[in-house]
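Enquirer: Sequence:
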Amino acid sequence: MCGIFGIVDSHQDSVEASVYKALKEIDYRGPNDQGVFLSNLAEKNIGLGHVRLSVQDLTGRAHQPMHFENLTIIYNGEVYNFAEIKHELIGLGYRFESDSDTEVILKAYHCWGEECLTKFRGMFAFAILDLQRKEIFMARDRVGVKPLYYSHVEDRFVFGSELKTITCHSTFDRVINPRALSSYFRFGYINSNESIFSNINKLPPGHLLRFDLVRSELMSSRYWALEDYYSSQSETMTYEEAIENVEREITSSCMLRMVSDVPVGVFLSGGVDSSLVASILQAHGDFTCRTFTLGFDDPAYDESEYAKAVASNLGTEHSELTATKEDALSVIRELPCIYDEPFADSSSIPTILVSRLAADSVSVVLSGDGGDEMFCGYSAYHFMPKRYGLIKGMPFGKSLIKLASALSSPNGILHNLNEGIYTKVQKARDLSSTENIADAYRLSNSVFTSSELKYLLRDKPKELNEISLIGPSDYESMMLSDFSGYLPDDLLVKVDRATMSVSLEGREPLLDHKILECAAQIPIEHKVGKKVLKDILAKYLPRDLFERRKQGFGLPINEWLRTDLQELLDEFLSREAIERVGVFRAEYVLKLKDMFLSGKNDDRKIWTVLVFQMWAFEYLLES
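No gaps in the numbering here: position 317 of the sequence shown is 316 in numbering that gives the first Met the number 0, and each next residue is one more.
Keep in mind the hints are simulated off the structure, nothing from the lab.
Here a beta-carbon is modelled for each residue, glycine too, at the ideal position from N, C-alpha and C.
Everything hinted at is true.
Here are the simulated EDC-like cross-link-like pairs (lysine to aspartate or glutamate), alpha carbons at most 20 Å apart as the crow flies:
hint: 1; residue 1: LYS533; residue 2: GLU546
hint: 2; residue 1: LYS530; residue 2: GLU248
hint: 3; residue 1: LYS590; residue 2: GLU575
Computed Cβ-Cβ distance ranges for the label pairs, DEER-style:
hint: 4; residue 1: ARG548; residue 2: ASP296; range: 20 to 28 Å
hint: 5; residue 1: PHE95; residue 2: LEU463; range: 41 to 49 Å
hint: 6; residue 1: ALA379; residue 2: SER219; range: 27 to 35 Å
hint: 7; residue 1: ALA537; residue 2: ASP154; range: 58 to 66 Å
Required output: the full structure, derived from the provided sequences and hints.
Expert: Structure follows, in structure tokens:
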């Protein structure tokens, strides 16, 4: 795992300094090595920089930027099947100087061009300077495990692993992106192709990008799409065949992700997904699996006993940290530095803490992310179709919802009585206007409704106008919604930044594209409730160790914001602080805060606003 940065600019004096400045911002992503390459082409100055966390081939032969003939690469990630591709390339006459996957990617591109992407199994974000074609070729992995930001303003093109590699330069104008602002306050995260700043984008998962150095033009295209595999779903596949196919692909994926020249472990929550990963590694590997769990001194949020029971049954080398309230609170002020965009998922806090625990023993850790999105695990998938059908089918539904909405305006009866009722009515109004279950499902998870945003933000909120993917069933439409939104923009961002903040490489075995393609082709009745995964896991563990209600990786934020964390509300949500940032209508936020402190609403809205304010003080007021 590493960090990358690149710049193309007509001002020679600024390029080298810009590269070194950007690399300093992300040195924790690669503490073992640093490299810079400078060039000039088409009257433009080019700088490529790389910081390295050594995982595969720990020698200097794997140093980046790496060169081959007319090509230079900088790369973040892991291609797990590199040995197989390397063998194929040797058969075609290529010779290798290292044991790194970086050299394999570079020569695979030399051999096959962009078609090389179809051969890679792994997570990656890389850029290749092609002097012959006079272009920079960039690509991001199919799911979006590895981040890649870019900005193109006039003749200046910059890109990097994190937003701060671009915003740290004095030439960058930090202007808030209104679409990203709406996305954040609707969902608590920013969607895949936007960033919080105007003129900076993310390369979406499964996409490639070319920058023409002569014309200063960008060309983007998609090279992989999960929805394509739903169209070839098998109607005749038996349940036994589904289990056999999924177990084969998961076992292959897990074992591939153990390829490393440094110690590897597993985040173990005791739930189905992480327990399955640990079980397969322990059963099929020639090593004792190391597992890591975070517990809490508050029993309402502590699942460590479940993880300990799984670890004991499997015989793993288990490590556990019981985090106190003080441990968690100390992380909160660090969040704007670790997540350099507003990010309101409070489970980032325990993820950071368990990453710190693991980093004391290993350099690589596997997690169980992806099982819910691919095997229909979330409870909302089950009740949402009924809820949506009720709202859409209600006689005079729109009229009733419009009336209730008027009563629940910010100064209305319902709002003053209970913020929760107000929000539910506003969500029902949003849902009643949707055209499909995928749109309704996504809006049902929103923090602020469309009407609430108008009262929250000083400027008129931008409509998101996203196109939802429709699957062969309601279940799969909702799963595709999460796969294209919540998974890459929340879950994977959370894990990447948390692990990288302590120089730990996170790997996601359940998100191997072979598993995803396999799962998409399985009939939905075999997947609902993660039935396939549970029946595979039952081959390794007694069911009473994992058959229980899903809890999630939560914290008592509600309680803390009313007690120990109230000083943060006083600091960042005072009238003066709100007006300094200038994004919110102060009266509305102050009313939200008062209602929260008096117990009339939960923490989600006030936490989302607080996180934004903390971020703004770090990146807007201090810039």
